[in-house]
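Asker: From first to last, the protein sequence lines are chains A and B. The opening residue of the first sequence carries number 1 in our numbering; numbering runs sequentially from there. The opening residue of the second sequence carries number 1001 in our numbering; numbering runs sequentially from there.
No lab work stands behind these hints: they were computed from the structure. Since the model is a prediction, treat every value here as computed from it, not as a measurement. No residue lacks a Cβ here, since even glycine has one placed at the ideal position from N, Cα and C. A hint or two may mislead.
[To be verified] Some residues of chain A that are not near chain B, with every Cβ distance over 10 Å (derived):
id	residue
1	K122
2	S126
3	I241
4	C278
5	A290
[What the hints assert, rightly or not] Heads up, simulated DSSO-like pairs for lysine-lysine below, C-alpha to C-alpha not over 30 Å straight-line:
id	chain 1	residue 1	chain 2	residue 2
6	B	K1243	B	K1266
7	B	K1266	B	K1139
8	B	K1122	A	K105
9	A	K281	A	K300
10	A	K239	A	K266
11	B	K1281	B	K1243
12	B	K1122	A	K122
13	A	K122	B	K1105
14	A	K276	A	K266
15	B	K1122	A	K180
16	B	K1239	B	K1139
17	B	K1180	A	K122
18	B	K1180	B	K1276
19	B	K1281	B	K1239
Protein chains: 2
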Amino acid sequence: MHEFDLIREYFIWSTNQASVVLGVGDDGAICDIESGYQLVSSIDTLIAGVHFPQTTSAADVAHKALAVNLSDIAAMGALPKYYTLALTLPEVNQPWLRDFSQSLKQLSKQFNISLIGGDTTKGNLSITISIMGWIESGKALRRSGAQIGDGVYVSNTLGSAAFALWQLNNNEVPDVTNLKSLNRPIPQLELGRSLQGIASACIDISDGLEQDLSHILVASNVGAVIEVEKLPINRVLAKRILKDGDYSLPLNGGDDYELCFTVPEKNQAMLGDIAKHCGIKITQIGVICASGGLEIVGAKNIGESYQHF
Amino acid sequence: MHEFDLIREYFIWSTNQASVVLGVGDDGAICDIESGYQLVSSIDTLIAGVHFPQTTSAADVAHKALAVNLSDIAAMGALPKYYTLALTLPEVNQPWLRDFSQSLKQLSKQFNISLIGGDTTKGNLSITISIMGWIESGKALRRSGAQIGDGVYVSNTLGSAAFALWQLNNNEVPDVTNLKSLNRPIPQLELGRSLQGIASACIDISDGLEQDLSHILVASNVGAVIEVEKLPINRVLAKRILKDGDYSLPLNGGDDYELCFTVPEKNQAMLGDIAKHCGIKITQIGVICASGGLEIVGAKNIGESYQHF
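Model the full structure from these sequences, guided by the hints.
Answerer: Structure (structure tokens):
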């Protein structure tokens, strides 16, 4: 199959964004830019067998590839707008492509974002998405704003995706909710937007809480104390941890794509309303202190966070 | 080596673009946008063994990966500004990474563009670059504007890169100039900018003249007649073609990254000055006619253009 037939068949769908002047099908896409906004941009690659099991369905792969990029935009408090897709395929498998493109389209519609360009190449299955969004000028949430005394918070639960992956790798049948966390993570875009002007720093948890919170600490030049007993953990995983006291999944399991953020005392009272508005749970797990790294109270066995090499 | 150490060591260098508010090192990058401009965006992947021989040096790989993306921006007549890099590596090879990053930095400085984000993953060597640029609102060169009677032009010479690749694959020693066309293509950014308001349609030649010119014809709903004897071909390749009359390299060899564009008669007198200003050669190879595809006069043996699958 010719690349252009493939793109025409699977990756051109109508966009309802008026700002997309020219989409897929020229050397580049053209988008209008509103004044008062800055461009926010990020890129992420998922590789079969590295970032998802080889057995993952095309629909799950597409969802995850886009969701992890949307999660970066969420962590900046920005509004996702456009993305380009570089898809490397071992072969042209039409049913696979149909499922992949339908799932991508579905998530794109859900968050009103447009696929504006792409490249397809032959090789081991790999998906790179480059995402672009807008942020009101000067309003982005960064990693560098945490201050001593700020509370440390996370959205929803931690370790669910990593637990499902662990179960798959150990021939156990994962709980449906956990499997959904692994294959269909929900980018916390509404939460990110709501934290504008409220949170002092924010990051999404892709490599594990310990590693990702540490990025906030280094960028902000502060330390933090968190307590394992405060970590929000779902019922099934909590039961297992009660047995062996091993908190490595919620602390170091990646793939949660929840947000970890810090909030100054004066803004903390607003978090209840934000949680309610977003339909999520927000939990305080610790507090920012003077420099000295990350202290984890109550953890006995801690593994290693995700290492890229 | 940890991903973040790798990024810190090799991919953070100072940018002299004031519009980059936040670069590599957060969830996303933040860039200021000037009013009166539109965003132009494109993405391209190069895979070892598919888009370049496995033996290609790290410096050549980096140059080519960025140059082919810059070439898309050139074909739109736009100004390149930022790019993100998704780099998949089989292992952390420090000398390779040093050469790769130095070459990337050099080309970035040459065109005053900034690396604003990236992702590194483990796998077969593959480089995806997502490029972003600005275009004065409404001024982009598209594929769709060619009109009956317009002249068809190309920059510099065709087939040089494909000839070098053919020689490498056939144990011949390529001419230095041709090898440079293959490994160090020069994106025609100055030409693209100069063609704003002059050319009626434009594309960069990545997959071969026949295929890429055909994209202009389809998008513009016109046909074209070109003559092989008018194709600009360098001396070494021309000598070989004189022997066997086989024009498949200049017609179908990809990887030239020259521009193919159409110009209405009233603007054609300006092309001499543009060529002089850009320090390049511009050659008319044919003319746009009513619909009926691409007619190639004088060609006996034509191969196939690059097929992605």
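Asker: Now tell me if each hint is right for this structure.
Answerer: These are the hints, each one checked on the structure:
1. For K122(A), the requirement that its beta carbon stay farther than 10 Å from each beta carbon of chain B is not met, with the minimum near 6 Å.
2. For S126(A), the shortest C-beta to C-beta distance to chain B comes to about 7 Å, within the 10 Å cut-off, and the non-interface label is violated.
3. Residue-level check passed: I241(A) sits 27 Å from the nearest beta carbon of chain B, beyond 10 Å.
4. Consistency note on C278(A): stated as away from chain B, and its beta-carbon is indeed over 10 Å from all of that chain's, at 18 Å minimum.
5. Every Cβ of chain B is farther than 10 Å from the Cβ of A290(A); the closest lies at roughly 23 Å, confirming the non-interface assignment.
6. Proposed proximity of K1243(B) and K1266(B) is contradicted: the alpha carbons are some 38 Å apart, above 30 Å.
7. The hinted pair formed by K1266(B) and K1139(B) meets the criterion: a straight-line CA distance of about 18 Å does not exceed 30 Å.
8. With a CA separation close to 28 Å, the supplied pair K1122(B) and K105(A) stays within the 30 Å bound.
9. For the hint linking K281(A) to K300(A), the alpha-carbon distance of about 26 Å falls within 30 Å, and the restraint holds.
10. Restraint check: the Cα-Cα separation between K239(A) and K266(A) comes to about 35 Å, which exceeds 30 Å; the hinted pair is violated.
11. Proposed proximity of K1281(B) and K1243(B) is supported: the alpha carbons are some 25 Å apart, at most 30 Å.
12. Pair hint K1122(B) plus K122(A) holds up; C-alpha atoms about 17 Å apart against a cutoff of 30 Å.
13. Between the alpha carbons of K122(A) and K1105(B) the distance comes to roughly 28 Å, so the proposed pair stays at or under 30 Å and holds.
14. Under the criterion of a C-alpha separation no larger than 30 Å, the hint pairing K276(A) with K266(A) is consistent with the structure, at around 19 Å.
15. At roughly 25 Å between alpha-carbon atoms, K1122(B) and K180(A) fall within 30 Å of each other, so this suggested pair holds.
16. Distance check on the hinted pair: K1239(B) and K1139(B) sit about 41 Å apart at the alpha-carbon level, beyond 30 Å; violated.
17. About 25 Å separates the Cα atoms of K1180(B) and K122(A), which keeps this hinted pair within 30 Å; it holds.
18. A C-alpha spacing of about 22 Å is found between K1180(B) and K1276(B), which places the hinted pair at or below 30 Å, so the restraint holds.
19. Under the criterion of a C-alpha separation no larger than 30 Å, the hint pairing K1281(B) with K1239(B) is consistent with the structure, at around 20 Å.
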